[in-house]
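J.: Listed here are the chains, written in short residue letters.
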Amino acid sequence: MGKLTREQEVYKRWANARKPKPPLLRNVLAAFLVGGLICTLGQAVLNYFISLGMNAKEAGGPTAAVMILLGALLTGLGVYDRIGRFAGAGSVIPITGFANSIVAPALEFKREGYVMGVGARMFNIAGPVLVYGMTTAWLVGLFYWLIHK
Amino acid sequence: MDYVLAFLVGGTICAIGQLLMDLTPLTPAHVLVLFVCSGAILSGLGIYEKIVELGGAGATIPLPGFGHTLTSGVIQEIEAKGFWGIFSGVLENASVGVVAAVVVGLFISLLFNPKG
Amino acid sequence: MGEKRVGRNTIIFSQPPAIVATATTVGKKEGEGPLAKYFDQVIQDSLYGESTWEKAESKMLLESVQRVLQKANYTFDQIHFMFSGDLLNQLTASSFAAREIPVPFYGLFGACSTFTEGLALGGMAVDGGFAQRVLVGASSHYQTAERQFRYPTELGVQKPPTAQRTVTAAGVVILESDGPGPYLTAATIGRVIDMGINDPMDMGSAMAPAAVHTIIQHFQDTGRKPDYYDLIVTGDLASVGKNLAEDLLKKEGYDVTDRYTDCGILIYKPDADTQAGGSGCGCSAAVFCSYFYPLLQEGKYRRLLLVSTGALMSPTTYQQGETIPAIAHAVAVERDYPEEMG
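Chains as they are written, first to last, in this note's numbering: chain Y, 1 to 149; chain W, 150 to 265; chain D, 266 to 607.
Think of the hints as simulated: they come from the structure by calculation, not from any bench. Built from N, CA and C at the ideal position, the CB exists for glycine as well. Just to be clear, a hint being listed does not mean it is correct.
[To be verified] Partner residues aside, some chain Y positions facing chain D, computed with beta carbon under 7 Å: (1) A15; (2) A17; (3) S51; (4) G53; (5) S91; (6) N100; (7) L139; (8) H148.
Looking at chain Y on its own, in the form it has when it is part of the complex (with noise of 0.2 Å):
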């Protein structure tokens, strides 16, 4: 990629500053609520692991597969896209989300194979979550590592 040129320059911040702005306000809000609605739905799935006699912390893991399955199958049925459209990163951020990224390229991909095309797509997206999720662990725990051992 080039410089852009005087010209290009000047273009695209006209352009920029006349072009349509999200809805910021509406935006957020939406983010906000639905954001909010599926960890209200966590903590009720945390609290039933809890009441089952599991302390909070081993009750994390069973709450995090069951808003995955929940996810994941909202994803398979085509209602998942739909929140999206409304919720933006309310939608996107929780952990449903994130199943959301793995199952939507492994549905889209399907027609590729179960190899190439799911196997191999299925974490087109969430990949550098993972990624760069387990680097930044890891570095944090070298960190911990040299100060406290």
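Since chain Y is already given, all that's left is putting chains W and D on it; use the hints.
T.: Here is chains W and D on its own, set in the frame of chain Y:
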């Protein structure tokens, strides 16, 4: 009360994500990466644990919570096993979520077709 | 060079080819839009009975070809060339449809400008005497484009207000050396213009300068003024790009506001899925073939300048941070055979 706090904390985290998506050129994929890394770092600094105590599922269900799960596993394993815990700990607590996502993802793709 | 060229970029056909028939097939969402009643066929299922969306897009194009032949009462043997294109890698929608079409085939890629690119080339083949009759077509499909250029269709992401929805549609015409009009009288071939926009969710801003360049070039080459045309129609600038194009034209001294519209705006009712409007090769093809063509026949419009616009990027180039080059080709379609030549 825990439901209200989960709603407020979870909603706030998502609202921050929305602000990033709408006000910066970051794509949803970039925001996800940013959030999981932030969660992992805040967890290492001992801050995320406080947010979890406050918000419960409101802090663990959004993606920074996943970063927290990764880091908390590492620190737990370092305490138990020393140096190699840095490696074995990453998926210590997170494996339930990751495995569930892979297995459920595969089965859902067997059962359903994309609607478009 | 003979008298078929004027100015830098423009062809004036000396024996303007007639557009003798058109056919369209569109998707469900397009079939629910404001132009619903004009389309030949609306498919209710995006797969159209096939196992993949790519096959469905090919089938839409193939059936449009079969329908246009039926309407004009021709067989494949009477067609000398077919010009067609789409958005898919290696033009598979067109070439796979052409497997079933025993006609010499040119695959064209001009992104969403393909339809007027094909009309210009087809017109040249006919006016040049290289063919008596040609097919010109273009297709696009929401799901095939979405999965190739953007995200998997089931991913729950929000679209910014500048985003456009790829139109599910195929449109086909037959150009013929003689016949009842409307006629293809001139074509201005655009050059590639890149004004530095790099957001694939804002193609209107990327394509508007290309459309403006081609339109102004057309006026300069032909000496015509905007009021020569009853209507100037861009392909798929949608609401964002159309506003920019209008202002850019005004800055250059061409006020087209009272006679300017865009196919990407006409085809949809605005909603959360369509945002700024439609895009895709099929957008200008289907809107011209189904809506403007009969209006030209009836004489509601006598002269129309159709300017299909294309954003020439790929997923690879925008991930590599490249800006989006764009192109636009204009064709003049007139109800009456130009007098000085008649």
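J.: Taking the hints in turn, state whether each one holds.
T.: Here is how each hint holds up against the structure:
{"no.": "1", "hint": "A15", "in the structure": "holds, 4 Å"}
{"no.": "2", "hint": "A17", "in the structure": "violated, 11 Å"}
{"no.": "3", "hint": "S51", "in the structure": "violated, 31 Å"}
{"no.": "4", "hint": "G53", "in the structure": "violated, 35 Å"}
{"no.": "5", "hint": "S91", "in the structure": "holds, 5 Å"}
{"no.": "6", "hint": "N100", "in the structure": "holds, 5 Å"}
{"no.": "7", "hint": "L139", "in the structure": "violated, 26 Å"}
{"no.": "8", "hint": "H148", "in the structure": "violated, 40 Å"}
Figure legend: structure checked against the earlier numbered hints; hints not met, in rising order: 2, 3, 4, 7 and 8.
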